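**Q** Which chain is which? The protein sequence lines are A and B, in order.
Quick note: the first sequence uses the numbering used here, first residue 104, plus one each step.
Quick note: the second sequence uses the numbering used here, first residue 104, plus one each step.
What the hints contain is simulated information worked out from the structure, not anything from laboratory work.
Given the structure is predicted, the values throughout are model-derived calculations rather than measurements.
Misleading hints may appear alongside valid ones.
It does not matter which identical chain is meant; a pair holds if it fits inside one copy or across any two.
[As the list claims (entries may be wrong)] Here are the simulated EDC-like cross-link-like pairs (lysine to aspartate or glutamate), alpha carbons at most 20 Å apart as the crow flies:
hint, residue 1, residue 2
1, 598, 562
2, 205, 283
3, 205, 285
4, 231, 285
5, 611, 487
6, 611, 635
7, 274, 328
8, 205, 288
9, 611, 650
10, 231, 283
Listed below, chain by chain, are the residues.
Number of protein chains: 2
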Amino acid sequence: MTTHEKVAALRAELARQGLTGFLVPQADEHQGEYVPPRARRLAWLTGFTGSAGLAVVLAETAAIFVDGRYTLQVRDQVPADLFEYQHVTQSPPTDWLRGRLKPGDRLGYDPWLHTVEGVERLVAAGRKAGAELVPCKQNPVDALWSDQPGPPLAPVVPHELAYTGRAAADKRREIAALLEREGVDATVLTAPDSVAWLLNVRGGDVEHTPLPLAFALCHRDGTVDLFLDTRKLGPGLREHLGDGVRIAAPEALGPALDRLGAARAAVGLDPAMAAAWISERLTAAGATVVRGTDPCALPKAQKNEVELAGARACHRRDGAALCRFLAWLARETPAGRLTEIGAAARLDAFRAAEALFREPSFPTISGAGPNGAIVHYRATPATDRPIGPGILYLVDSGGQYQDGTTDVTRTVAIGPPTAEQRDRFTRVLKGHIALATARFPAGTTGAQLDGFARRPLWETGLDYDHGTGHGVGSYLGVHEGPQRITKAGSSVALKPGMICSNEPGYYKTGAYGIRIESLVVVTPVSAPAGAEQELLGFETLTLAPIDRALVEPALLAADEIAWLDAYHRRVRETIGPLVDAGTAAWLEEATRALET
Amino acid sequence: MTTHEKVAALRAELARQGLTGFLVPQADEHQGEYVPPRARRLAWLTGFTGSAGLAVVLAETAAIFVDGRYTLQVRDQVPADLFEYQHVTQSPPTDWLRGRLKPGDRLGYDPWLHTVEGVERLVAAGRKAGAELVPCKQNPVDALWSDQPGPPLAPVVPHELAYTGRAAADKRREIAALLEREGVDATVLTAPDSVAWLLNVRGGDVEHTPLPLAFALCHRDGTVDLFLDTRKLGPGLREHLGDGVRIAAPEALGPALDRLGAARAAVGLDPAMAAAWISERLTAAGATVVRGTDPCALPKAQKNEVELAGARACHRRDGAALCRFLAWLARETPAGRLTEIGAAARLDAFRAAEALFREPSFPTISGAGPNGAIVHYRATPATDRPIGPGILYLVDSGGQYQDGTTDVTRTVAIGPPTAEQRDRFTRVLKGHIALATARFPAGTTGAQLDGFARRPLWETGLDYDHGTGHGVGSYLGVHEGPQRITKAGSSVALKPGMICSNEPGYYKTGAYGIRIESLVVVTPVSAPAGAEQELLGFETLTLAPIDRALVEPALLAADEIAWLDAYHRRVRETIGPLVDAGTAAWLEEATRALET
Chain A
104 MTTHEKVAAL RAELARQGLT GFLVPQADEH QGEYVPPRAR RLAWLTGFTG
154 SAGLAVVLAE TAAIFVDGRY TLQVRDQVPA DLFEYQHVTQ SPPTDWLRGR
204 LKPGDRLGYD PWLHTVEGVE RLVAAGRKAG AELVPCKQNP VDALWSDQPG
254 PPLAPVVPHE LAYTGRAAAD KRREIAALLE REGVDATVLT APDSVAWLLN
304 VRGGDVEHTP LPLAFALCHR DGTVDLFLDT RKLGPGLREH LGDGVRIAAP
354 EALGPALDRL GAARAAVGLD PAMAAAWISE RLTAAGATVV RGTDPCALPK
404 AQKNEVELAG ARACHRRDGA ALCRFLAWLA RETPAGRLTE IGAAARLDAF
454 RAAEALFREP SFPTISGAGP NGAIVHYRAT PATDRPIGPG ILYLVDSGGQ
504 YQDGTTDVTR TVAIGPPTAE QRDRFTRVLK GHIALATARF PAGTTGAQLD
554 GFARRPLWET GLDYDHGTGH GVGSYLGVHE GPQRITKAGS SVALKPGMIC
604 SNEPGYYKTG AYGIRIESLV VVTPVSAPAG AEQELLGFET LTLAPIDRAL
654 VEPALLAADE IAWLDAYHRR VRETIGPLVD AGTAAWLEEA TRALET
Chain B
104 MTTHEKVAAL RAELARQGLT GFLVPQADEH QGEYVPPRAR RLAWLTGFTG
154 SAGLAVVLAE TAAIFVDGRY TLQVRDQVPA DLFEYQHVTQ SPPTDWLRGR
204 LKPGDRLGYD PWLHTVEGVE RLVAAGRKAG AELVPCKQNP VDALWSDQPG
254 PPLAPVVPHE LAYTGRAAAD KRREIAALLE REGVDATVLT APDSVAWLLN
304 VRGGDVEHTP LPLAFALCHR DGTVDLFLDT RKLGPGLREH LGDGVRIAAP
354 EALGPALDRL GAARAAVGLD PAMAAAWISE RLTAAGATVV RGTDPCALPK
404 AQKNEVELAG ARACHRRDGA ALCRFLAWLA RETPAGRLTE IGAAARLDAF
454 RAAEALFREP SFPTISGAGP NGAIVHYRAT PATDRPIGPG ILYLVDSGGQ
504 YQDGTTDVTR TVAIGPPTAE QRDRFTRVLK GHIALATARF PAGTTGAQLD
554 GFARRPLWET GLDYDHGTGH GVGSYLGVHE GPQRITKAGS SVALKPGMIC
604 SNEPGYYKTG AYGIRIESLV VVTPVSAPAG AEQELLGFET LTLAPIDRAL
654 VEPALLAADE IAWLDAYHRR VRETIGPLVD AGTAAWLEEA TRALET
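Could you build the full structure based on these sequences and the hints that come with them?
**A** Laid out in structure tokens, this is it:
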């Protein structure tokens with residue numbers, strides 16, 4: 104079926120079900136970033152393959168909402184005569200709907216694919232227009248998608264204490280104490296990475312993140328119900344989980360929620376993350392839903408010493424792989440035969456040769472020239488550009504290692520860069536350094552630091568349309584909460600052990616993209632004499648040179664130059680001994696002190 | 104009655120009404136910062152005279168919650184054997200209550216004195232403890248307070264077009280269009296400054312702000328019901344208001360809300376500002392309460408050209424008054440006879456001599472030495488300290504002028520300051536300059552800029568426990584929303600014409616306080632070549648020297664020194680011609696370029 108045929112068929116199906124519209128988010132039942140093939144309904148329907156988006160199909164009109172990363176990609180993939188293109192924050196779906204829904208309209212949604220809070224926003228928007236939001240028992244897209252894949256069945260395996268640093272039974276006790284303190288009888292874990300963290304297990308149900316797609320119920324007595332297809336039980340899993348964890352089939356979740364309802368239990372649920380279906384089922388059964396944040400989110404984010412040792416170790420190997428790639432790139436580009444896809448493949452191969460590597464932590468972004476300005480670009484044969492002299496090349500990549508997760512972006516000039524490119528790159532670097540060197544009192548949120556990374560760009564009337572930093576898991580999600588460093592306020596304070604990215608950028612549409620991304624970990628800072636606040640700062644984990652050819656020293660203050668030189672010295676001294684002679688020679692040159 | 108007797112009497116009254124506790128906020132029916140004498144129930148009950156606070160009286164225990172400004176003052180004023188002292192953000196009342204309420208408890212509150220959202224938070228906290236929140240028909244404190252004053256009856260007078268720049272009829276049309284767009288039939292204005300702005304009137308019902316304490320109903324047809332005691336009608340007011348504004352007695356508000364309910368109207372209400380009583384009355388009458396922000400808040404905050412001309416003009420006069428004071432202070436302090444109260448009186452007198460001056464915009468804070476560390480200090484005969492050599496003197500003051508509102512803090516060294524004081528002062532100055540010189544894209548909120556002002560203090564392990572900037576009205580509240588520059592996230596973007604304070608500080612308890620506060624106005628910045636964002640920045644309105652003796656030039660970057668020298672040149676050139684020869688000579692010296 105073509106996109107036109109699919110949309111027509113969906114409209115016919117909606118008419119049959121008495122609906123005047125339907126919402127198709129890029130989402131699965133766990134609201135995860137990477138979803139299994141059966142949940143890629145948005146891609147099936149519209150052709151849009153980005154990692155986030157929402158389509159709204161009404162009887163006469165339709166729109167697709169994407170964020171700043173995908174404003175270019177959506178135009179290439181989705182027919183303009185079928186879908187209006189909308190920027191999800193500048194023109195939110197609720198605003199768009201308020202202008203188009205009419206009294207009496209019935210807008211359908213799949214309650215498994217929207218969060219509790221998401222549904223509330225939709226219901227409020229519908230109410231203002233006099234329209235009704237209708238939860239669908241069966242997803243109308245699934246009714247049309249004849250070859251929709253089944254749920255994934257990758258084995259779930261133990262994740263060893265040598266990597267987690269803490270026994271699952273101990274974590275279960277901590278969560279139980281939290282439930283006790285909050286006065287709830289149980290809590291529903293809907294985020295697979297929370298399940299994985301709590302039980303010290305990993306899976307393989309989606310790409311790029313070792314997630315077991317599974318729900319769990321944590322009880323106040325410290326026991327856990329894990330809802331998991333028994334075909335997914337990996338070797339040794341039952342023994343590893345022990346007596347405190349009961350395994351039940353995925354279909355048993357609903358009845359388990361019903362039992363909590365019958366017991367008039369108070370059940371914790373994160374309304375920003377949990378599917379509305381779960382909340383509706385609990386409420387219908389008689390349970391009291393107590394809103395709160397996922398109790399695993401905060402302890403998962405604060406890595407312990409064993410996890411941090413793993414993070415430092417995998418960043419050394421990751422840095423060595425990236426340096427081999429960058430040295431190879433420097434040798435190859437003069438020949439002019441390299442393209443984005445070839446380069447990405449080579450980088451992935453360098454990384455794959457490292458110990459404990461499992462898979463890329465996301466699809467490598469390999470953007471030459473104008474493709475570098477597409478924030479979450481993914482090269483295809485149709486878009487594949489040569490990496491040749493006169494361009495900037497942006498490469499954003501990362502690895503899942505058994506001891507940790509990496510995510511790094513470097514931008515390199517192929518041939519001499521222009522003065523404008525050096526100006527922009529240096530401003531991005533100044534922002535990167537301002538964040539890397541920030542010291543701040545305990546209690547400070549990422550939102551309070553975000554401006555440090557943007558100010559050098561703001562000063563000349565520039566900015567970037569993405570966050571400055573996201574949390575990163577420990578052999579888990581490369582994007583993980585609850586902390587983040589973004590313009591939008593966040594009430595979560597940065598705490599020691601939290602790993603975040605530091606990734607300001609600048610993107611000139613149609614010309615070039617710049618991003619400098621390293622991972623950092625929040626660390627206590629020894630307070631100077633007279634300090635009155637408990638001070639925190641960042642330790643940069645990522646070890647790879649920042650292209651000196653793109654740095655304009657005249658724009659840097661003395662302390663910024665000192666930071667760059669010290670960072671480069673550390674990269675050289677740490678990575679040099681790990682790489683071949685050719686890479687080491689390249690590294691020596693790439694990490695030389697700036698001439699000012 | 105002593106505080107002990109009052110608390111005992113209140114407990115007896117609560118028992119009589121079947122309540123196990125009662126909340127006594129510093130609040131009136133309009134949730135204003137300055138309240139009329141009859142609303143000072145917190146002061147009557149506890150003795151605490153700060154501008155913000157809340158007491159909770161339970162059967163056996165009681166607590167008083169204040170913010171960082173008042174942690175010292177509360178200890179001086181409130182008996183420790185009656186009330187626990189609590190920091191309102193570090194230990195919020197809802198947390199405290201959750202730990203102390205028992206199932207079956209009935210906690211009373213006056214629904215006129217709490218906002219809709221405030222009551223919701225209390226109800227949720229109560230529910231977790233199994234306790235009930237009970238709205239009281241009559242405030243139990245009023246039942247005990249035999250000599251409680253009546254409501255104020257200051258005349259309400261027109262505020263002329265020469266100051267407002269915009270006719271009230273025009274403003275009413277704008278608000279009506281906003282109601283139309285939001286799909287509501289009417290909105291309740293509960294904030295007296297919104298009423299004053301909308302109708303171009305001023306009153307005198309509270310100190311320091313020319314407010315008419317009155318409610319208003321704005322209808323979609325552009326007409327307004329103003330609920331006002333006819334004894335408050337000033338000369339020419341009826342003609343000034345015109346046909347579109349109906350005047351009714353204050354008691355007519357309830358029945359008017361009932362009529363909206365009978366008509367099944369959709370009525371806008373700001374749940375963060377409106378008394379719960381209003382929402383409860385509307386809902387009970389059958390109206391649909393539509394939550395939204397006060398529609399006047401944003402247009403009121405964005406001053407027009409006439410208001411900005413007034414702001415600049417009153418800041419010249421205010422600067423002249425402050426310079427006369429600072430020059431006088433420099434002459435007087437060597438004699439050693441000056442104290443805080445005397446100095447404040449002299450400053451108030453200098454200001455009162457200026458054209459269009461009406462009253463101080465808040466009680467002058469005149470803090471010598473350790474008293475400067477009390478953020479909202481108010482000198483009393485018991486605390487009055489001499490202003491003599493070897494101390495820092497902090498003076499925070501402002502005026503209500505018919506053409507605008509001012510608020511300025513300067514800290515001066517009396518005699519030579521210590522190296523530590525110079526270090527701290529210079530860090531505060533660096534933060535002040537970082538904010539004053541910020542350029543940022545349209546859409547940026549104050550929260551995104553707050554860190555700029557704190558970073559120089561953070562770097563050495565220091566901070567200040569108050570916001571960096573608050574909005575300021577135009578011959579209205581010296582604290583006005585909706586914008587603010589604070590740690591806590593705010594979703595309100597800074598827009599051209601908004602006036603804010605820029606006031607970082609540092610406070611060493613028991614030793615000294617430092618604050619440098621100027622008002623700034625958000626202005627468009629002409630974008631540099633290549634700019635892609637609409638840029639905004641700040642114009643500093645306040646004109647008064649920053650004490651050079653407290654500046655350590657070695658801590659300043661070249662561009663910071665250039666900023667200070669340029670600011671001082673502007674102060675000298677603008678204020679010099681307005682002052683007497685003695686002050687001008689002092690000003691010449693006080694605004695000299697830094698020697699580095």
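**Q** Please go over all the hints and tell whether each is borne out by the structure.
**A** Here is what the structure says about each hint:
1. 598 x 562: between (30 Å within a copy, 17 Å between copies)
2. 205 x 283: This pair counts as between: shortest inter-copy Cα distance 17 Å, intra-copy 46 Å.
3. 205 x 285: between (42 Å within a copy, 15 Å between copies)
4. 231 x 285: Result: close only across copies, 9 Å inter versus 35 Å intra.
5. 611 x 487: So residue 611 and residue 487 pass the 20 Å test inside one copy only (19 Å; across, 61 Å).
6. 611 x 635: between (43 Å within a copy, 9 Å between copies)
7. 274 x 328: within (15 Å within a copy, 60 Å between copies)
8. 205 x 288: Classified as between: cross-chain Cα gap 19 Å, same-chain 42 Å, threshold 20 Å.
9. 611 x 650: within (19 Å within a copy, 45 Å between copies)
10. 231 x 283: So residue 231 and residue 283 pass the 20 Å test across copies only (13 Å; inside, 40 Å).
Taken one by one, the earlier hints all hold for this structure without exception.
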